[in-house]
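Enquirer: If you want the building blocks of each chain, they are given just below.
There are 2 protein chains.
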Amino acid sequence: MEEFSRLHNIFEQTKEAIGTFMGMLQPIIDNAQDEHTRLYYHHIYEEEEQRLERLNELLPTLEGIIQENRGDQLSNRELSRLLSDLNLERFGLHNFREHLELAMYEFTADEDRERLKNMRDMTQSDYLAVKEIMAALSERVDDVAVGKLVDHDEGHTIHQVDHAKASAKAQGKAIGQTDQPGESAKEAHRLSKVRRGLTVGSLRHL
Amino acid sequence: MEEFSRLHNIFEQTKEAIGTFMGMLQPIIDNAQDEHTRLYYHHIYEEEEQRLERLNELLPTLEGIIQENRGDQLSNRELSRLLSDLNLERFGLHNFREHLELAMYEFTADEDRERLKNMRDMTQSDYLAVKEIMAALSERVDDVAVGKLVDHDEGHTIHQVDHAKASAKAQGKAIGQTDQPGESAKEAHRLSKVRRGLTVGSLRHL
Numbered sequence: 001m002e003e004f005s006r007l008h009n010i011f012e013q014t015k016e017a018i019g020t021f022m023g024m025l026q027p028i029i030d031n032a033q034d035e036h037t038r039l040y041y042h043h044i045y046e047e048e049e050q051r052l053e054r055l056n057e058l059l060p061t062l063e064g065i066i067q068e069n070r071g072d073q074l075s076n077r078e079l080s081r082l083l084s085d086l087n088l089e090r091f092g093l094h095n096f097r098e099h100l101e102l103a104m105y106e107f108t109a110d111e112d113r114e115r116l117k118n119m120r121d122m123t124q125s126d127y128l129a130v131k132e133i134m135a136a137l138s139e140r141v142d143d144v145a146v147g148k149l150v151d152h153d154e155g156h157t158i159h160q161v162d163h164a165k166a167s168a169k170a171q172g173k174a175i176g177q178t179d180q181p182g183e184s185a186k187e188a189h190r191l192s193k194v195r196r197g198l199t200v201g202s203l204r205h206l
Numbered sequence: 207m208e209e210f211s212r213l214h215n216i217f218e219q220t221k222e223a224i225g226t227f228m229g230m231l232q233p234i235i236d237n238a239q240d241e242h243t244r245l246y247y248h249h250i251y252e253e254e255e256q257r258l259e260r261l262n263e264l265l266p267t268l269e270g271i272i273q274e275n276r277g278d279q280l281s282n283r284e285l286s287r288l289l290s291d292l293n294l295e296r297f298g299l300h301n302f303r304e305h306l307e308l309a310m311y312e313f314t315a316d317e318d319r320e321r322l323k324n325m326r327d328m329t330q331s332d333y334l335a336v337k338e339i340m341a342a343l344s345e346r347v348d349d350v351a352v353g354k355l356v357d358h359d360e361g362h363t364i365h366q367v368d369h370a371k372a373s374a375k376a377q378g379k380a381i382g383q384t385d386q387p388g389e390s391a392k393e394a395h396r397l398s399k400v401r402r403g404l405t406v407g408s409l410r411h412l
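Taken in sequence, the protein lines are chains U and D.
Under the numbering used here, the first residue of the first sequence is numbered 1, with each subsequent residue one higher.
Under the numbering used here, the first residue of the second sequence is numbered 207, with each subsequent residue one higher.
The set of hints was computed from the structure by calculation and includes no laboratory data.
Note that this is a predicted model, so its numbers are computed, not measured.
For glycine and all other residues, C-beta sits at the position ideal for the given N, C-alpha and C.
It cannot be assumed that every hint is accurate.
Simulated coverage check for chain U against chain D, where a stretch passes if three residues somewhere in it have a Cβ under 8 Å from a Cβ of chain D [as the list claims (entries may be wrong)]:
# : stretch
1 : 4-12
2 : 101-110
3 : 124-137
Distance windows between CB atoms, simulated [said to hold, decoys possible]:
# : chain 1 : residue 1 : chain 2 : residue 2 : range
4 : D       : I272      : U       : D34       : 23 to 33 Å
5 : U       : E78       : D       : A315      : 47 to 57 Å
6 : U       : S75       : D       : A342      : 22 to 32 Å
7 : U       : P60       : D       : I272      : 31 to 41 Å
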């Protein structure tokens, strides 16, 4: 049951961060000096808006499970469905982290950068927490395919480029470290191919 | 039944376009002269990769329905589930269109721009077709909530900025027109608020 409360906290927290980020982007969009900048931030704004809408559907589902104390009684179907939704939001957190890192190029004031950095660090830790909770939940699904569930996001977490470090460098500040700085892009790609097998995505249409 | 074949064609077609687009982005990422450019296109590349993975799950579902001739016999639950997945891919097509429009700033060769423009136009027409098919399918769902289903993407289709026109202007070429060029951003926002009610997203957790 504890997992569902943790998930709820994470998604409430990231929902608040979306609001903060949108509030930061809006004046950039409104005052953009060129169309490319405007299109670019408007596009990021919209993607976060889409994520917000999804979270507004997912949060009540989690609340229902918590309030009715049903965490341990979910059917295979419900759990598979939930894992599929969580997987989507795991990618959502990953993409949000990158949106924040990209925005660091736009914002130069210390206060703004600190805010972005804090949200970035929080998002990275949320991302890892969701991954961990998903692994625990997937063990409960009574299905051979799920027993073999493997993590298939190496290609996404081990970057060809270190977003945070790169944007820090560009601004001459230390922002953070990569998750797994030792692995090269090629190695990551190779591992991703090797490890990729059954995915949570394959639960989607059970 | 015809709807499912149309959907299948659309998603096969966009899957091929993702491959073409990724092939265009890879050398930009590999040869980027600055980290910001590299991060930026790598991020877009990853988002399209995520979409590709989702399509690789959705296409077999559609194939199953077509082969077994079950289009008219889907249960409420199956249809709701499918509508929820289609809604996600509708946003995916919208985002892809914007990725293509943003990429028009990077590619200056006529041949590349023509390719991007063709994919952009195809994607826009796919987006509208999916919207139309979704409206038809949602009428079949035997549920009061779905009967009232309203389109809630005005905020996404009516842009504050006209992406295609803007990138065309930036490059001094005519690329295309907006869907609804007459409506201002404020009006779009107002309409979006008024029209937003029950959404396909709300089917997600039925």
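Enquirer: Examine the stretch 124-137 of chain U: at least three residues should have C-beta closer than 8 Å to a C-beta of chain D.
Expert: The restraint on the stretch 124-137 of chain U is violated, since only 0 of its residues have a Cβ under 8 Å from chain D and three are required.
Enquirer: Is 31 to 41 Å a correct range for the gap between the Cβ atoms of U:P60 and D:I272?
Expert: Holds - the Cβ-Cβ distance for U:P60 and D:I272, about 34 Å, lies within 31 to 41 Å.
Enquirer: With a Cβ-Cβ cutoff of 8 Å, does the stretch 4-12 of chain U contain at least three residues near chain D?
Expert: violated (count 0)
Enquirer: Has the hinted range 22 to 32 Å been met by the Cβ atoms of U:S75 and D:A342?
Expert: With a Cβ separation near 31 Å, U:S75 and D:A342 satisfy 22 to 32 Å, so the hint holds.
Enquirer: For the range 23 to 33 Å, tell me whether the beta carbons of D:I272 and U:D34 fit it or not.
Expert: 46 Å, violated
Enquirer: Per the coverage rule (Cβ-Cβ under 8 Å, at least three residues), is the stretch 101-110 of chain U covered by chain D?
Expert: holds (count 3)
Enquirer: Using the C-beta atoms of U:E78 and D:A315, is the stated range 47 to 57 Å upheld?
Expert: Because 51 Å falls inside the window, the suggested range holds.
Comparing the model with each earlier hint shows violations of hints 1, 3 and 4; every other hint is respected.
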